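K.L.:
Chain order of the listed sequences is A and B. Per the working numbering, residue 5 is the first one in the first sequence, and the count goes up by one each step. Per the working numbering, residue 5 is the first one in the second sequence, and the count goes up by one each step.
Hint data in this document are derived by calculation from the structure and do not stem from the laboratory. All of these numbers come straight from a predicted model, not from anything done at the bench. Incorrect hints may appear among the rest.
Intra- or inter-copy, both count: the list cannot distinguish identical chains.
As the list claims (entries may be wrong) - Derived DSSO-like pairs (lysine-lysine); straight-line CA-CA distance at most 30 Å:
no.: 1; residue 1: 24; residue 2: 7
no.: 2; residue 1: 249; residue 2: 224
no.: 3; residue 1: 224; residue 2: 261
no.: 4; residue 1: 262; residue 2: 31
no.: 5; residue 1: 249; residue 2: 183
no.: 6; residue 1: 56; residue 2: 24
no.: 7; residue 1: 216; residue 2: 94
no.: 8; residue 1: 209; residue 2: 91
no.: 9; residue 1: 183; residue 2: 24
no.: 10; residue 1: 157; residue 2: 35
no.: 11; residue 1: 216; residue 2: 200
Here is what each chain is made of, one letter per residue.
Number of protein chains: 2
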Amino acid sequence: MKKKLILVTNDDGIFAPGLKALVSVAKKHGKVIVIAPNSPQSGMGHAITINKPLRIHKVDVFKDVEAYECSGTPVDCVKLAKNVVLKNQKIDLCLSGINHGSNASINILYSGTMSAAMEAAIEGTPSIGFSLSDFSFNADFSAGSSFISSIIKNILKHGIPNSNLLNVNIPKLPKSKIKGIKICRQAEGSWVEEFKEAIDPRNEKYYWLTGKFANNDPGKDTDLYALDRGYISIVPSGHDLTAYKSIEALHFLENIKK
Amino acid sequence: MKKKLILVTNDDGIFAPGLKALVSVAKKHGKVIVIAPNSPQSGMGHAITINKPLRIHKVDVFKDVEAYECSGTPVDCVKLAKNVVLKNQKIDLCLSGINHGSNASINILYSGTMSAAMEAAIEGTPSIGFSLSDFSFNADFSAGSSFISSIIKNILKHGIPNSNLLNVNIPKLPKSKIKGIKICRQAEGSWVEEFKEAIDPRNEKYYWLTGKFANNDPGKDTDLYALDRGYISIVPSGHDLTAYKSIEALHFLENIKK
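Sequences and hints are given; from them, build the entire structure.
P.N.:
Okay, structure coming up:
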């Protein structure tokens, strides 16, 4: 049987330990190709590069795995993978991560890791973004690895029914404390932000984004609820942002005339 | 009665003619504050700046309107507006655009203009992104201006029921040819992409993104269908990406054990 073709990317960059951890699990399930940014791209969301050229270079970072670094965003990586490196070969699965830090709740919107997976999903490829609720560079990615392996195996076999994208978040816990997996909806949350105001060495004022994430959702079926209780959360996700419940209520705007 | 506070931003930058056109309409409806990027930020999606400081400067670009340029992304502009410039005053409405180029269908995901409006919507502010289906710098923004004014007036009065965000796209037509407004869902579409491959002056290969947009949606209730027939499309939009139809079908993944 032909090996499955698995594209792996991330937003923390080609040298991130989380990417290395994901590649080592992914290669048990098929032929892996890695195309990842050459610098950290956290918070890049669904950004694409349109006003300047992109570069890709083959790099020898992973044992026995073909890998490329790219000068663009995570979404650029997926576009270049499809159109240039793999020249429109069928990709069986796209994996993104393992992200250093949670992408639960609305963080799916800010995350380059999740946007890369979403880009592949828009193109028809089943895609999974994995994130660990630990921002540190040397986070322990081993605790969730047997779950990640089982999720990959199941999705390669069954696909993702009625969707093309999974947002998988893993709590920061030792393996013995992870209780299992919950299928969830995206929690309603928001960032309570502050900008640190300071003066630079040239005497100019600057602002630096900082903030705390707030869970505003009382539901027991959310990703944040599951993570708080020691479960891995999986939110099946899409790219249709239509607020269907608003359509009927807005028909009065069709009465506006010239 | 206290004047409504209206925040205006965009992704084409503080000097874009589309922003000027939107400010001139918006100021008929309240007190306008402009905070826009100091350089073009098309295709920035929901990117935020976390690894470097941001700068804002007051600028005298619009007659009688307080305006600031910001070194960050469109979403950064909205965050700085709320937290620094307006210091958590209640914003009655956020307007973004008028974008030079369509943001219909899945382009809501790539667009900095729509992501800025979405950021304000996540924060609880009713928000509208306006885009004209014309990428040129000197596009004619006057044809849709009476519709834009009426939409702003109506939303200030009634709010956006069951949502907080409208994606408004205006066809490239003279005013006499615009047929009216349609409330729509987001069309399923995709970019058929190519990368132009070339060699730079230092003999290094580079790739430059290019492509054509394809409407893959046969529906007659979509934004692309309405725009093609001479209507302004309005898609009420949200930020919950959960694919609810997948949740039940994925419960088998909860059986994965350590």
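K.L.:
Hints numbered earlier in the text: which of these fail when held up against the supplied structure?
P.N.:
Of the numbered hints given earlier, the structure breaks none, since each of them holds.
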